[in-house]
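Taken in sequence, the protein lines are chains R and B.
In terms of this note's numbering, the first sequence has 759 at position 478, counting the first letter as 1, and numbering is strictly consecutive.
In terms of this note's numbering, the second sequence has 777 at position 496, counting the first letter as 1, and numbering is strictly consecutive.
Warning: the hint list may mix true and false statements.
As the list makes no split between identical chains, a pair holds if one copy fits it or if it spans any two.
[Stated by the list, open to error] Below are the SDA-like pairs computed for lysine to any residue, each with C-alpha atoms no more than 20 Å apart in a straight line:
no.: 1; residue 1: 395; residue 2: 349
no.: 2; residue 1: 391; residue 2: 604
no.: 3; residue 1: 361; residue 2: 419
no.: 4; residue 1: 769; residue 2: 489
no.: 5; residue 1: 395; residue 2: 304
Hints are computed from structural coordinates only; laboratory data are not their basis.
Here the structure is a predicted model, which means the values were calculated and not measured.
The lines below spell out each chain.
Protein chains: 2
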Amino acid sequence: MLEQETMIPPFTKGNAGITELLEYLHEIEDLEALSSLAEWDQNTEMPEGAGEVRGYQSATLQGVLHERWTNQRLGTLLNKLNAVINGSGYTDADRGLVREAQRNYDRAMKLPRKLVEEMARVQASSFEAWRRAREHNDFASFAPWLGRTVALQREVADHIGYTETRYDALLDFFEPGMTTSAVDKLFTPVREVSTTLLRRIEASGVIVDDSCLQGEFSEEKQVALSDVLLRRMGYDFSHGGIAVSPHPFTTSFGSPFDVRLTVHPDMHFIQSSVMAAIHEGGHAVYEQGSAPTLVRTPLAGGASMGVHESQSRLWENAIGRSEAYWKGQFAAVQQAFPEHFVAIDAATFARALNKVKPDLIRIEADEVTYNLHIIVRYELEKAMINGDLAIESLPGQWNAMYQEYLGIEPTSNSEGVLQDIHWSSGFGYFPSYTLGNLYSAQIYSALRQHYSNFDERLAGGDTAFILGWLRKNIYAFGAIYQPDALMKRVTGEVPNPAFFTRYLTGKFEAIYQLQ
Amino acid sequence: MLEQETMIPPFTKGNAGITELLEYLHEIEDLEALSSLAEWDQNTEMPEGAGEVRGYQSATLQGVLHERWTNQRLGTLLNKLNAVINGSGYTDADRGLVREAQRNYDRAMKLPRKLVEEMARVQASSFEAWRRAREHNDFASFAPWLGRTVALQREVADHIGYTETRYDALLDFFEPGMTTSAVDKLFTPVREVSTTLLRRIEASGVIVDDSCLQGEFSEEKQVALSDVLLRRMGYDFSHGGIAVSPHPFTTSFGSPFDVRLTVHPDMHFIQSSVMAAIHEGGHAVYEQGSAPTLVRTPLAGGASMGVHESQSRLWENAIGRSEAYWKGQFAAVQQAFPEHFVAIDAATFARALNKVKPDLIRIEADEVTYNLHIIVRYELEKAMINGDLAIESLPGQWNAMYQEYLGIEPTSNSEGVLQDIHWSSGFGYFPSYTLGNLYSAQIYSALRQHYSNFDERLAGGDTAFILGWLRKNIYAFGAIYQPDALMKRVTGEVPNPAFFTRYLTGKFEAIYQLQ
């Protein structure tokens, strides 16, 4: 990890303003890390009866953070720094630091502390309500919480402000500078390529056999297999760890030094935990790859949630669903479940992981249908936030859109509108996944261009060269550069959906032998 | 839990001062809970490479807490309340609240924030150093951290102030009002009864056979057995949970709603996890028994660490090492390890748990030698704090005292001076265990007097009547009453070591058929 330090522009040493800002932000980030820890605990270990008291704790901490982010001392310091930061004598890291601090300051200044605290309180209870509702297929018990979350998020958007739609204000939080109309424009070709490909695949008559992924797989052994796959990806367990939670996720408490992830094994379908491990592993190696000098600053971690998802999806799909990758890694799967996989080879396994079939569960979706799952959620959350969809109509609308986009319909809300954790806390995240897929294809193209023998190395079990390139070109920089600037540095151009449509079409024309 | 509320004096409603104090303390306790969560995580799940960054996080949070505890607004409010609190119109809960707030305020006002932050930082790294040192039997690598902790704790004592010795200032933190000379006086008869009994037992020639406790016991099954025993004790898993850690402990993040504990199974000796579960369970049911109205105040939880240990030791020893208890609970042990225990009965198992044998490990010690382990630690930490013992002499001194008090000597520092977690964070806690044993015997005597059919009910598998009595008389009150006042309410007199010497002598004269 240490060698990265020399590759990124360091913070300017000996500059009083930068030093003061760093000290100020260090403490804020320490508290942000503890806030993430409280959430991690709530998702992994917290007893069900502690939701209310945890809500108070989170609210108090959010209040303290709000106090820090809106402190006049910070405002004055940022004013001074902004006046000089674009001059010589400052590095890109300095500029990124000031920019991120300003973004947080501006946002916090617009939000009343009471609202921030109430959101934290509601979020804790809402999470518990969602967990129970999903377990008991009981949307009605979750609906009031969802209603409160929608109302609070609308209030947030009104405080933050927006030009076109309320939803813009939420989107910007996860993807700086992104607007609803820009997302609509980027998603149009994605929807088109997905539905077209799906039609061609269904018409082809080709069936991919994924029976080798089904069977009996103990939770314990699946977690152990995740461990092996993550280790081989370069995930560093001395700065990380795995837990089990109802919904897989990655979080960090001081990147790059403490980055953890969860999986959620399905006892009858090995694909879930394997692909979740690689997906979360992608997030995790990104966080672990931040230059150590960025620790305890808002620059440690990802450039945006879209860029973050580009890394999870890059590892999960472009790499983790390729035949070359499994040629190099399949032995670990066979060792974990020898009886089950004795007669299966890497190519069969990899092919099974690419079976295209409209299904109900987003995180298990193939690459062709995945973005349709996202577009459904994006359209629905946009409508909720913009006031065009009432909570009680949500399950019906969800099912109708699944019918329209994927030709299937959930038979339970647990498999439908309740499947994802996201709406227990807020809105505006879902587009990150599809943005991630777009960025991912573009980065993957640059990566392959760099290594002429990419597939050979991958098939030989080497993934370190990929991680090395990603760390050097992306991970080490954390959030120093914003998404568009980063994409230009890495790929030579701003995000362009053509990379994704080409990638997806090429890959699935080959698998399904389409003309 | 709710019915307890009516039994304790509630906080006065509608009183502006009490309301303001409660609101102020609620936020402090929320942050204290997050501080405990950070420690829990560090002990159970945190990756080894995260110690340094966690140290910064804890330090920052301690700084925020210090800021809150030393806030002028709190000082002014306490001044106003202290002027009226002993008049009519205030309840014991109000008085307890003001007293505890004042105690914390006074202490915080005496400590510089920088020192508090440094302690937190050192503690996180020191814990990691201790864990590694114990694993590798490498005292030398822990010694510098211990040295820093001693220096910091001496500095704390100097800031706090004391009449006789520095150690008094630390002791008072865990046991309000307790002094070194009072501890010396209470411990003298304990040491005497322990050494006398030990001599008589060794001279008796009677051997208690504990071979039934040895064998092969999987970690997983031991944790599952702990789960069953805890459930039957009345520990509420909807407000709790078990984890595994290098040293068993109990902590809470908002008593009574989130109280968790750890065990540390020994694969070859079932006694460790069974007795640790009941011991930690005692702490945990105490915390879970606080009246819900006390939540988010410094009154939720125990009256002192000595009273806390009285409950862990009461459940562990007076109850959990009795034949009557195991007549009611042994079936759970047999179900967990059927092959091993098929031919063993409850009486044999209970008798094995009472084998008296000088051993190296404190938490596995029998009741006769246990307090000698404590007295060794107490004498050593007192000497370190008072400047009479250098760190480099500690292992030798430890071993010499084990030879003197217990007639045995550790062959490794891991089994010697490195065995306990405590010195990685501070000093002054160890006397709590022996104070706990004294209080425990006195409370146990009152409890047995109350129920003439105590043993019959216990042997019938009932422990709910014990928990009910303890909750009603002790647990519900949290820290409303200080130790001496509480002991008087519950037992009719202040702490008196005669209860313990009588209990111990009676119990072991019977087991070892002494004249």
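Checked hints:
Both within a single protomer and between protomers do residue 395 and residue 349 lie at most 20 Å apart by alpha-carbon distance, with minima of 14 Å and 19 Å respectively. Within a single copy, residue 391 and residue 604 get their C-alpha atoms no closer than 50 Å, and across copies no closer than 66 Å, so neither meets the 20 Å cut-off. In this homomeric assembly, residue 361 and residue 419 never come within 20 Å of each other (Cα to Cα): the closest approach is 53 Å inside a single copy and 51 Å across copies. Proximity of residue 769 to residue 489 under the C-alpha cut-off of 20 Å is found in neither arrangement, the shortest distances being 37 Å within a copy and 77 Å between copies.
Taking CA atoms no more than 20 Å apart as the test, residue 395 paired with residue 304 passes between copies only; the shortest distance there is 14 Å, against 27 Å inside one copy.
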